[in-house]
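Asker: Line by line, the protein sequences give chains B and L. In terms of UniProt numbering, the first sequence has 45 at position 45, counting the first letter as 1, and numbering is strictly consecutive. In terms of UniProt numbering, the second sequence has 43 at position 43, counting the first letter as 1, and numbering is strictly consecutive.
Watch out, some of these pointers could steer you wrong.
Identical copies carry no separate label here, and so any pair may be met within one copy or between two of them.
[Unchecked claim] Taking lysine to aspartate or glutamate and the DMTMM-like style, the derived pairs with C-alpha atoms no more than 25 Å apart in a straight line are:
hint: 1; residue 1: Lys164; residue 2: Asp92
hint: 2; residue 1: Lys285; residue 2: Asp90
hint: 3; residue 1: Lys229; residue 2: Glu89
hint: 4; residue 1: Lys229; residue 2: Asp70
hint: 5; residue 1: Lys15; residue 2: Glu89
hint: 6; residue 1: Lys285; residue 2: Asp237
hint: 7; residue 1: Lys164; residue 2: Glu130
hint: 8; residue 1: Lys295; residue 2: Asp58
If you're looking for bench data, these hints aren't it; they were derived computationally from the structure.
2 protein chains.
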Amino acid sequence: MKVLIIGGGGFVGQKLARSLVARGQLDGQAIQSISLVDVVMPASIESAAIAVNSSVCDITDPASIANALDASVTHIFLLAAIVSAHAEEDFDAGMQINMQGVWNVLERARALGSVPKVIFTSSIAVYGGEVPDPITDHSFLNPQGSYGIQKAIGELLLNDYSRKGFVDGRGFRLPTISVRPGKPNRAASSFMSSILREPLNGESAVCPVDDDFLHYYLSPRKCVENLIKGAELAAADLGQNRCMLMPGKTWSIGQLIEALTAVAGPGPAQLIRRESQPDIQRIVKGWRFDFHADKALALGLSADESFQDNVRYYLEDDAPVS
Amino acid sequence: MKVLIIGGGGFVGQKLARSLVARGQLDGQAIQSISLVDVVMPASIESAAIAVNSSVCDITDPASIANALDASVTHIFLLAAIVSAHAEEDFDAGMQINMQGVWNVLERARALGSVPKVIFTSSIAVYGGEVPDPITDHSFLNPQGSYGIQKAIGELLLNDYSRKGFVDGRGFRLPTISVRPGKPNRAASSFMSSILREPLNGESAVCPVDDDFLHYYLSPRKCVENLIKGAELAAADLGQNRCMLMPGKTWSIGQLIEALTAVAGPGPAQLIRRESQPDIQRIVKGWRFDFHADKALALGLSADESFQDNVRYYLEDDAPVS
Ligand SMILES: NC(=O)c1ccc[n+]([C@@H]2O[C@H](COP(=O)([O-])OP(=O)(O)OC[C@H]3O[C@@H](n4cnc5c(N)ncnc54)[C@H](O)[C@@H]3O)[C@@H](O)[C@H]2O)c1
Ligand SMILES: NC(=O)c1ccc[n+]([C@@H]2O[C@H](COP(=O)([O-])OP(=O)(O)OC[C@H]3O[C@@H](n4cnc5c(N)ncnc54)[C@H](O)[C@@H]3O)[C@@H](O)[C@H]2O)c1
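So here's chain B without its partners, still in its complex pose:
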């Protein structure tokens, strides 16, 4: 097994690589090598048993992909993307990276003829508009942003390249990943990690929505587990659609804060400052939260048991050692 992680310098890519190194095998066979490629040189990862290498690759450039992807690669995790706010601001960059870039990777795989597995990260941002609740695997994709459109197009391409036998694709619509480590970013969803992460690190954070605000979450640990399970699914079990919701759970802000307190005591929650932010509210209140990931659940993917797990995983996996 030779694994290529495209976007391997990113948050999910780095965690996935560490997890694959720890497992040592994929699809029932030993992993020989893991290549992390990204438009920014990925941080290197320590491994005794497996050759892990990092290099630069820009998926908007077919020649750069050809350098990174040869016929010996058995599994491609296609994670490279720019996120929603960025794709909305810079329309051309979003189209080139999130749409054309995905097409470029699939075209390279097709040219090789080696039919690698391609594990693609879509997003719940493909849902939106006037589609009735609940949102299921059979709901119309009506993205209300360029990022979601680009992800939906990536799914369609992945499906057809799989149907034609050019790749063995599987795509997963990721919930919002929380608790995400690191710094807040400019995404409207940033507070959904900040209000937990910063207080756990003894810092204050702003919560811009009410306690009853509902959203669909998954921990980074479960996300990586699901991507690996997704890679190992038998093609025959995927049916006529290679893309599906990744299981998550819907929680209110109140439930997030209860979980924080249950795991870490009453201190951290007192560091959350309430500050109604109409700009943020306008965006996030348009998002969907009533998701039913039936297909993935039936195939053995799973969500966190309770949000207390999300908090615990952050403390175990990511919290700065103080």
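Place chain L with the ligands on chain B using the hints.
Answerer: Showing chain L with the ligands alone in chain B's frame:
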């Protein structure tokens, strides 16, 4: 109003042009000119009042589109495509024409900044797979062929270019158009026009499926009417999704033949030869027929009253004068 019909040499494009010439106006204003462009030089159309011109344009070539489309164009009917069997056989041609070509046209419109109306012809081939009946405007698009994938991507692009204010798009998923004039083609659906058209012209035709085979149809006349109505819809009435099913009606083969006999007497039906064709059956039995075009119906688009209309329209509009 300056109208550009891309794919204007095709079956729908030619009928649309004639209909626009006869109307003389669009969106409440006089039509100044109609430009028919196509990769094959479109047949010219007689018009006393309106300047109608034909030229060659290949939508896979941005420079060729730039020649055909300038900022004075107010309405673009984007019909150019290769059909399902062709796109399935020649994957690259399908991707270049049906996907990249649509993107090229939208990019040209965006560069102009003139926000033309773009009326796009999608297809019921975007539906398929494991999505439950009935198929509505909120059903997941799960095309089981490259043509359908490319049309679904065209829809997503049209939606986002509209949301961003680059064009004022509206897309319609066309039912199978019957009775289509001309010769049989290699499409699996070809018999759905042949078994009516050939007998009406005194020739024999083969019906490869049973009397109870159900399918979703619309006459060419209604299709053109709906495209013009679709062009005239107010953007504000389209909501968060610019693409919708075009109304059609579901009929059995038995009902088609009854309608033929009701309009033309018992003679023609006797020219239909029954010949079970497993290859054709395998394809067409995978197609969906339980469609509910609620959105378009609410917006004033419509289907034929009865299949007798389809037969009559063929005799009035298309049958060779004998
Ligand atoms: N984290 C979430 O909450 C979430 C939710 C839904 C979907 N996703 C998707 O999951 C994937 C991973 O997300 P993440 O949180 O790790 O994002 P991230 O931004 O941390 O990682 C994405 C990586 O892609 C790289 N990249 C950008 N342009 C590139 C290019 N042209 N060529 C090569 N690499 C390029 C970036 O440098 C970055 O390292 C992405 O596809 C994202 O859209 C994430
Ligand atoms: N007729 C139907 O039953 C039906 C059903 C569903 C959807 N549609 C769609 O409706 C539209 C019109 O269908 P039609 O029946 O008139 O098809 P058609 O094949 O008669 O016309 C399509 C035209 O596009 C032109 N074309 C192909 N490649 C081109 C290119 N690169 N640049 C410019 N022009 C190019 C062709 O030369 C042709 O004249 C198409 O988009 C088709 O996919 C038709």
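Asker: Please go over all the hints and tell whether each is borne out by the structure.
Answerer: Taking the hints in turn, this is what the structure says about them:
| no. | hint | result |
| --- | --- | --- |
| 1 | Lys164 with Asp92 | between (29 Å within a copy, 12 Å between copies) |
| 2 | Lys285 with Asp90 | within (23 Å within a copy, 44 Å between copies) |
| 3 | Lys229 with Glu89 | neither (34 Å within a copy, 34 Å between copies) |
| 4 | Lys229 with Asp70 | within (24 Å within a copy, 51 Å between copies) |
| 5 | Lys15 with Glu89 | neither (28 Å within a copy, 41 Å between copies) |
| 6 | Lys285 with Asp237 | between (35 Å within a copy, 23 Å between copies) |
| 7 | Lys164 with Glu130 | between (32 Å within a copy, 18 Å between copies) |
| 8 | Lys295 with Asp58 | neither (33 Å within a copy, 42 Å between copies) |
The earlier numbered hints that this structure contradicts are 3, 5, 8.
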